[in-house]
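Input sequences plus hints: build the corresponding full structure.
Protein chains: 2
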Amino acid sequence: MSVGIKDVAVAAGVSPATVSRVLANRHVKPDLRERVETAIRLTGYRPNLSARRLRSQHSNTIGLIVPDIRNPFFTALSRAVEDAAYKANMRVVLCNTDENPSREMMYLRLMQEERVTGVIYAPTRETAAQLDRLAFDFPVVLVDRHGPAGKHDSVVLDNRQASAALVEHLCGRGFTHIGGLFGNTSSTARDRLGGYTEAMSAHGLAPRADFVAPNPDAAAVAARDILSRKDRPEALIASNGLILLGVVQAMRELGLEAPKDIAIAGFDNEIWTALMGPGFTVIEQPVADIGHSAMRLLFERIETPDMAPRVIMLSGKLIERNSTRKPC
Amino acid sequence: MSVGIKDVAVAAGVSPATVSRVLANRHVKPDLRERVETAIRLTGYRPNLSARRLRSQHSNTIGLIVPDIRNPFFTALSRAVEDAAYKANMRVVLCNTDENPSREMMYLRLMQEERVTGVIYAPTRETAAQLDRLAFDFPVVLVDRHGPAGKHDSVVLDNRQASAALVEHLCGRGFTHIGGLFGNTSSTARDRLGGYTEAMSAHGLAPRADFVAPNPDAAAVAARDILSRKDRPEALIASNGLILLGVVQAMRELGLEAPKDIAIAGFDNEIWTALMGPGFTVIEQPVADIGHSAMRLLFERIETPDMAPRVIMLSGKLIERNSTRKPC
DNA sequence: CAGAAAACTGAAAACCTTTTCAGATTGATT
DNA sequence: AATCAATCTGAAAAGGTTTTCAGTTTTCTG
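Same order as they appear, the protein sequences are chains Z and W. Last residue of the first sequence: 328 in UniProt numbering, with the numbers rising by one and none dropped. Last residue of the second sequence: 328 in UniProt numbering, with the numbers rising by one and none dropped.
Some clues are possibly wrong.
Stated by the list, open to error - Covered stretches of chain Z, going by a simulated chain W footprint (3 or more residues, C-beta under 8 angstroms):
hint : stretch
1    : 65 to 72
2    : 91 to 98
3    : 245 to 258
4    : 316 to 327
If you are wondering where the hints come from, they were derived from the structure by calculation, not from laboratory data. Predicted model only: the values in this text are computed from it and were never measured. Cβ atoms here follow ideal geometry from the backbone N, Cα and C, with glycine treated the same way.
Take a look at the structure:
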């Protein structure tokens with residue numbers, strides 16, 4: 001029914017092996033090659049990737065495992081990964097874990113069954129912690145989040161530095177009572193917390209951090225609480241774009257405005273951060289760069305499996321907007 | 001090296017066929033099944049999906065072809081599709097076309113080679129137009145956009161109605177000079193234009209439509225022009241979320257505010273539309289529903305290949321916010 | 001309890017390629 | 001012109017599973 005390499009071979013008066021070689025661009029004499037190529041065109045042959053993968057033992061597939069593609073950071077990441085992948089003639093299969101360790105495990109198992117060439121993966125802290133106990137048959141590059149101390153290839157933002165930069169910025173503008181609202185699932189949130197705490201201490205200020213599931217709704221609930229406290233902070237740092245959104249929502253509900261009632265700073269330079277209200281001060285992540293770097297690391301790891309693990313740390317860029325202006 | 005079904009068979013003292021049957025949950029006597037299952041556990045066997053696909057001739061893979069995953073509508077759609085897919089034990093491979101017909105063709109060809117079970121696809125108008133000349137070996141469900149008159153399974157918003165609802169709403173609030181900024185690549189934008197034009201005419205009003213590539217930057221450029229005209233409209237409709245974003249950006253640059261200087265309405269109920277400025281009046285699309293319906297259609301088509309094509313048309317929901325309040 | 005039907009199992013074929021191996025051809029070198 | 005190396009080609013094996021076919025065991029029926 002479907003036309004295979006054999007049919008092409010017959011049509012071209014040649015052996016299947018030769019057709020295969022033409023397809024793989026190996027040396028076959030011009031006249032034969034010619035005949036095969038027209039035969040391919042005539043028969044409308046399309047290779048069967050399953051067969052090809054089975055025999056050649058590599059899948060041309062990379063897995064992308066992220067918490068939730070709806071987080072704009074991961075959306076942009078996935079786009080970068082997909083572009084790089086298809087340029088290298090690879091497919092991307094997409095997996096959302098919802099920060100759920102058991103979903104993570106099931107997807108990792110799936111990647112194994114799929115015999116993927118490699119995986120790009122943003123693990124929860126829980127799974128990341130036992131990452132070296134897990135042994136994979138494929139290279140894994142962690143992205144946005146790291147595993148146990150430098151044991152795995154990874155591409156992350158310099159989160160401590162970025163977080164500290166936010167604190168510096170707020171201090172520079174005269175704020176001293178600076179709160180932070182951090183995600184509770186990722187190493188990234190932890191690192192941002194670390195940078196925040198250190199920088200606060202360095203300025204002799206008392207850190208005051210809260211933790212929350214990294215989604216707008218949960219963040220809004222927490223933010224409502226923080227913003228309603230008697231000792232409401234003068235400034236609040238949100239540890240990612242979704243949490244920032246929750247904070248903004250809570251402020252709206254409480255009728256508060258930045259920077260008049262409280263200064264706000266966060267992560268992820270989503271379009272709306274520039275367009276909404278006063279404009280929000282954020283750390284911009286080089287997300288396309290993160291994606292491309294991850295793919296590069298992956299390819300290099302495939303090339304040279306025994307290389308020592310590498311951690312690429314990219315720096316964020318502080319984008320100052322009016323949400324952190326000191327109200328006169 | 002890798003443990004296969006044969007190794008399991010040996011370990012269990014049984015034939016490979018039996019192992020296969022256990023795996024596929026077919027009738028095999030309890031004691032054998034037991035032995036096989038422990039053998040599987042002991043050996044750490046993981047099926048090889050390529051081999052399985054090659055032999056069984058179905059791939060458990062569905063392709064998702066969208067213009068750009070970064071468009072939040074398609075992000076949400078992909079999430080819905082992925083959820084449904086993995087529930088049905090299928091993988092999703094993701095393809096971004098950038099509204100580029102040649103990329104569309106290459107991805108469709110790829111889907112063919114991948115022998116996918118089916119494809120969910122948001123085509124450009126250009127490719128959609130010749131969709132019945134293309135013959136695929138797999139079922140295709142169009143989503144968000146339709147092909148030539150009801151010839152293909154598809155799930156779309158009732159775009160004409162939704163667009164008309166926006167016009168009605170604006171008329172009801174006393175606006176008469178209502179402009180529209182529409183995308184220029186999709187059937188959807190066309191339909192929204194149609195609804196807009198009709199509804200305007202029905203009210204004896206003159207439609208005034210502009211067209212633009214459906215991304216924020218292009219939309220901002222066009223919007224700057226529209227908003228700077230001497231006869232700037234009293235109200236402006238943006239035909240999707242990205243274009244709405246461009247409009248908002250242009251307004252900000254020009255120092256205009258909704259609804260004071262101009263009323264704004266659009267499509268896609270992104271979080272920011274509720275949170276930004278006055279709150280933006282939009283048509284909310286039941287995007288998760290669209291994704292699930294598409295998957296359902298796909299599965300039913302696989303089940304019953306000869307069924308007549310079906311078009312599911314879902315209605316949008318008008319969400320009134322203050323961007324369309326009549327300024328006193 | 002015999003015979004028929006049903007359920008179960010294993011050997012081997014099949015799925016479609018790529019790859020290996022060996023043979024054949026070509027081209028270069030003496 | 002003969003030899004050697006290099007290049008090219010085809011036959012056949014291999015990759016890991018499912019499926020078919022046929023044979024065996026069990027269950028059911030009368």
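Status of each hint after checking the structure:
1. 65 to 72: Per the Cβ count (4), the hint holds.
2. 91 to 98: Coverage by chain W holds for the stretch 91 to 98 of chain Z (6 residues, Cβ < 8 angstroms).
3. 245 to 258: With 4 residues in contact (Cβ-Cβ under 8 angstroms with chain W), the coverage given for the stretch 245 to 258 of chain Z holds.
4. 316 to 327: It is violated: at least three residues are needed, and the stretch 316 to 327 of chain Z offers just 0 whose Cβ sits closer than 8 angstroms to chain W.
Hint 4 from the list above is the single one not met by this structure.
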